[in-house]
Amino acid sequence: MQMNEPDALLRATRRIGPVILDLKNISLSFGGVKALTDISFDVRQHEIRAIIGPNGAGKSSMLNVINGVYRPQQGAIIHKGQQRKGMDCYGAAKSGIARTFQNIALFKGMTVLDNIMTGRNLKMKSNFLMQALYWGPARREEIAHRVKAEEIIDFLEIQAIRKTPVGRLPYGLQKRVELGRALAAEPEILLLDEPMAGMNVEEKQDMCRFILDVNDQFGTTIVLIEHDMGVVMDISDRVVVLDYGKKIGDGTPDEVRSNQDVINAYLGTH
Amino acid sequence: MDTATAAAPPPYLSVNNIEVIYDHVILVLKGVSLQVPQGKIVALLGANGAGKSTTLKTISTLLRGERGDVTKGEVQFKGERVDQLTPNELVKRGLSQVMEGRHCFGHLTIEENLLTGAYTRNLGRAELKESLDKVYHYFPRLKERRASQAGYTSGGEQQMCAIGRALMAKPSMILLDEPSMGIAPQIVDEIFGIVKDLNHKENVSFLLAEQNTNVALRYADFGYILENGRVVMEGEATELANNEDVKEFYLGMSGAGRKSFRDMKFYRRRKRWLA
Amino acid sequence: QTEQFIALPSYRVGPYAAGGSGFYGGIIDYFNLVNANGGINGTKISWEECETEYNPSRGIECYERLKTKNGGATLVEPLSTGIAYGILDRVAKDKVPMTTLGYGRSDAANGKVFPYVFPLITSYWNQAAAMIKYLGDKNGGMAKLKGKKIVHLYHDSAFGKEPLPVLEELAKQHGFELIKIAVAPPGSEQQSQWLQIRQANPDHVILWGWGVMNSVAIKTAQRNGFPREKMLGVWWAGSEEDTIASGDAAKGYTSMTFNTPGNYPLLDELRKKVYAAGKGNLADQSRIGSVYHMRGVTAGILYAEAIRHAQEKFGKGKVMTGDQIRWGLENMDIDEARQKALGALGMFPPVKTTCDDHEGSGAVKVQQWDGKKWVAITPNWVVGDKALTRKLVEESSAKYAAEKGITPACAK
Amino acid sequence: MNISFFFEVLIGGLLSGVMYALVAIGFVLIYKASGVFNFAQGAMVFFAALTCVGLMDKFGFSLWLAIPATVVAMIILGLLIERVVLRPLVNQPEITLFMATIGLAFFIEGLAQLMWGSQVHRLELPIEDVPLQFLLDKFNIIVSQFDVTAAMVCGVMVLVLSLVFSKTKVGRALRAVADDHQAALAVGIPLQRIWGILWAVAGMVALVAGLLWGARNGVQFALTFIALKALPVLILGGFTSVPGAIVGGLIIGASEKLAEVYIGPMVGGGIEGWFPYVLALLFLLVRPEGLFGEKIIRRI
Amino acid sequence: MFYREAGQFKTSYQADGQIFPIRQDRLALGATLIVAVVALPLLASPYMLSAILIPFLIFALAALGLNILTGYAGQLSLGTAAFMAVGAFASYNFILRIPGIPVLLAFVLGGLCAAMVGIAFGLPSLRIRGFYLAASTLATQFFVVWCLTKIGWLTNYSSSGVITAQKMEILGYAFDTPARKYLLVLFVVAIMALLAKNMVRSNVGRSWMAIRDMDVAAEVIGFRPLRTKLMAFAVSSFYCGVAGALYAFAYLGTVEPEAYNLDLSFRILFMIIIGGVGSILGSFLGSAFIVLLPVFLNILAHGLGLPTSVASNLELMVFGALIIFFLIVEPHGLARLWQIGKEKLRLWPFPH
Ligand SMILES: Nc1ncnc2c1ncn2[C@@H]1O[C@H](COP(=O)(O)OP(=O)(O)OP(=O)(O)O)[C@@H](O)[C@H]1O
Ligand SMILES: Nc1ncnc2c1ncn2[C@@H]1O[C@H](COP(=O)(O)OP(=O)(O)OP(=O)(O)O)[C@@H](O)[C@H]1O
Ligand SMILES: [Mg+2]
Ligand SMILES: [Mg+2]
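Chains as they are written, first to last, in my numbering: chain P, 1 to 270; chain R, 1 to 275; chain L, 1 to 412; chain S, 1 to 300; chain H, 1 to 352.
No lab work stands behind these hints: they were computed from the structure. Treat the hints loosely; a few may be bogus.
Stated by the list, open to error - Over 10 Å on every C-beta distance to chain P, these chain H residues come out as not near it, computed from the model: (1) 212; (2) 224; (3) 231.
As the list claims (entries may be wrong) - Coverage of chain H stretches by chain S, computed from C-beta distances (three or more under 8 Å per stretch; other residues unrestricted): (4) 54-65; (5) 164-177; (6) 214-223; (7) 265-277; (8) 304-315.
None of these values were measured; they are calculated from a predicted model. Quick reminder that beta carbons are idealized off the backbone N, C-alpha and C, glycines included.
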């Protein structure tokens, strides 16, 4: 049951806002390895933007550039109209960018609930002494955030494991918790690095639903890396295609799907 | 659940009614039995947390390192009980595992990673080179990155490295835990192509835990479906692929064929065979 | 309660085990001898050891555990400055006398402030004074020390710094140059210190060391060609354990001691009555009469004598209380005649204690390692400037009394 | 400043540094194989030296008989450690393994003294610890014959071990093990055997260190402390590098002696205890993995 | 069957956020507190109080401090004793130089001094990790002890460097008997344990654990690594400093650098590893284990009538062997063993 085109367009245009993140001529290399060469693309508010490409194309590196883990040797990042200078990942987090990682980067020794609560840390105001006393405002704040965290737990349907240390969880659930942690920050831009790896179709369906819901309900802009073409083509508004660190395609899923370069480099023929 | 028919070849690997407990208290496998006949590809399917990885780790006896205990049952490989062996002895007997979550040696280069895979084989220089070339032939991307430390390669490259490393041991039976994870689609096909290839040409048997049910069932001969630490269904791969329930829950196809991910309106429409 | 119970928080493992096993072995050997001879007027001595590992925290636990055992400990000897400090207040409160033979607080000699602490025979300050006296004599009179260079090579800790006030004062008085060189504990590397010493080319080196530092010092001196005869160790640097490890390098090395090396009738008696009966405490009989062992035997004698003396006042054959033993320790008088009767004439200096003087002697000897054993090289006991040390004791104990709110007075 | 004195200090320091390196190598072996800092190395040095002199003193062995006998003892000890302590702890956090080695240190210390008593022993090697005469005559510089011999022994050891690690597949396997126990097992590296062998080799290295240090300082409990001298050497050179141990040793040895002689007097002396650590720390600020250690990979 | 949470429902997040969510645990804690505050001072022998309970509590506090740094924030440290020494010497000097200062205030100030030293020595942790950091913390250990030996002012120019701790007085009330000292220590330790629990269950604690588990990810989420680590160093050193002051004032009675040697650092480290890294309860269990085990072994060895030198060495061997044994049985320490025990109890009498 493919949604018919006009409908999708209509919805998309209603939703999508101005450019929120503009990446200009980004180049990044590690020693001799050129991870990204002169890449430009933009991300619009409220859109779901996918990045695809073969292994080692530079997708994860791109995300790392966006949220300040790597600093590109060249190029500019314009976030909400302002050029970003010398920003580290803390700064990126502060400006409302959250993300998940390809190799799960959960805090292994902590419970699911605590992991999700860490996502809210930038919103916590009470100081250290108050927290030590666990008194008055600090406690109220803690509980208020707990409520938020529980909302996310409900949303992701992981109630049963909220007190389990994440290290013990199976891979798929860990991915979900990681998404929860990113969501907990209530980010403006959410960067997802292969959120659906290691899931079966049913779980992917659920995951897609989460992503779409977040996008709908909170208006979060989403940048997504995924190798499952079904998912990418179905849920993203626009797709960037990278290969060997270069951009070889950019456009709506349909445009990308019919781009010959992309087919050669990545999609193959089926 | 006795499925062994008289016609079936004797199981190459057989897991008999194993029960596994983590940390002394967390019961994960509740009596899992399965067989892999020689020269066959068997798929192990199931949702997140069903116990696929645990089953594979039990077979390769890597469980001990994670504080898991096999409290019941036994594992036989080539007619020999192997649950008390060390992983090294198993590799020597021809059973290799590709672990979930890549597990490359971060400080070693890709090539060194691959070479460690041949540790048990005591190869001469030429043979080693030949084996390496074979892996590079399968994964040209690895050849490009051979001199980089594995810790600095991309997720997919690491996954290829992990698979290539297991191939270097020239096993007669491979346990593959989610080989397609994080791999670009055309490489996924390639990986399964390799599986098929090895299976055909070198009679290597496979047990693969895979989320990509679609592909897995396409290549496998036989499948088991695991849920909550129990085998809930098993059968010929084609049979499973045509089973309505499997279609709906694992292949994402309802009566009307494939549905767009965008159109899924509800969560958890999951039906369970067991509570 | 029929036995006189004594607490021995000892250490037989760890870096100082060699000293600990010799010292406590000596005490126990002597106690066994006393018991074999029928006890003190019929009262047997009993004791219990408790492993402290030379660690103050464990030492305190040992003391607290032992002090109430078997009707209560009536004497304690920790052989560790750290532990001694840790139980200093406690012994006064519990009325259990503590002896600190040749270590611990030098100012505890003042019994008016420290009624229950007995740094018997001699303290660090008197030792330092005696060292300078000896060096003066060696150079032909104190006046000859003028212009001489003396290196104080010390364990960089409270222990090593303890004699500084005395040495500094004497350096001023006699006009010698005092060069202080610290060795970082434990002292297993001293190359740089000895290079400095070689550079300074001193007339004497005082080795204020402990444990491995001593053997390393001797070895390193050899390596740097510094004559061992010019080295004078403290009594914690003057045992077989310190020289044996240095091998031939130790030949000629001198050190202080308050036990004259040699064989004594008492030691033969120990061999005959204790070791022959299989009750000897030392695993290796060749260690009988070694410095640490003799120091332990000396301690044993002093305890037994104090008990005997106390019994004379408070009732023969009775078990003494801690306080009574304190009296015994405080009014001890072991002269040469008594030593002779014990078969230990000259083994340690005569001891005569009073309330003012819990030390009772302050006399020491100098011994030299001849490659196989220690040989005393001063025929007489050497005593330093006791007036000076007394002054320091008074000052320091007065400060302590003020801090602790103690009114100095002799215990009754 | 007296230049020949300066050189004397420098050379003395370099030679002491070699002695530290001797101990440090033992640590490197174990760290390479398991990613764990082996706290028991000092105890092993003590155990080895004490066993060797114990055999000589108690049973009248000659030195040349006692040494091979001790080698055998160290091999047995190494294999036992692997079997009893390490095997059940595969894939545990580093800190747990570290702690286990601390327990092991206690055990070995107790065992050594139980077997051979707590006395101090002397150990005479047929190498004299006296200044080399021609250097003394010519340059008035003191260099001990013993130290020079020790340096040569150490050099040979470093050479052999580095070759083994860089040229054989065992070397590669070790690095793999240190990265990920579980994966190493999965590819069939016989972790148990490798650990057993490595602990046995570490035991032999401990014997060499124990003999040389024991001859220098006497065989006594304090031998266990020389681990503290080896630590800054290790972090400076890098935990995983055998040549690093020797370079680190030279740097630490020379600079600590120079510091003690030239800075010490200004601040009251006795700075050798902490100076090497502070120096190593400063190095680490520039290179957090030590001079030759493997770069720490931090990537997400 | 009795240890069940069935039927206990939490109706608010506040209730769920309690330290002990299960009623039986709360009852047990209440009972423990009553025993500790009322029964023990009355009934326990002075030996029990002054040689076992007081050091147990003090070491538990130090272990708690180290656990915050190593267990929660993941920075392995071997310099605990140094921070304890700073606390002790600072408290001594505050009492000496500010007449009439309440002793508790002096302890707090001593702790703050330790915290400052902790921050200074924590700075390298931004770059240095793991065993490299652990080895570098030895710099703290040796340097601090060296300073205390060298700088005369700190020891009030005492010739030997050993100083006696002043009396502990609060508003003229002297804490001089074992029972009183015990109560004072108990009070301090209980309060600080509670504060520590609060910290680790709120955002500070989460920031520490995040840094410990994966520092890069923590930064991406918005924790500042340097601040978080330094905070952990500060809080940890504060705890150690107070513990050090108590160790000097309520236990040893003296303040001397030697008492704070490397050995002590290691003992505290054993405590947290045996007890449980990253567990408040574990600090207490570990302290009990390390304080009691040698005593127990010592008594046992004497009971067996072994020659003392044999007994002492056997003691050491058994101690080492037991450490290894416990690590093999449960690498996460006694606290985890306890937890598993409870989980089994919950299931009991059913096997799973
Ligand atoms: N080390 C461990 N300690 C405790 N519990 C564990 C551990 N490893 C796995 N588990 C539990 O065992 C169950 C099965 O996990 P397993 O990893 O085998 O699942 P899986 O089928 O491989 O899932 P996925 O598809 O997500 O990889 C899960 O519920 C998990 O929580
Ligand atoms: N920190 C780094 N140091 C060195 N090389 C790096 C680093 N990070 C990435 N690379 C290299 O840059 C290239 C791009 O890596 P990246 O992780 O971005 O790929 P990717 O597109 O995410 O691939 P995959 O789909 O396999 O995850 C790879 O070849 C990788 O080896
Ligand atoms: Mg990637
Ligand atoms: Mg899995």
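#### Entry: Ascending list of hint numbers which this structure does not respect
1, 2, 3, 4, 5
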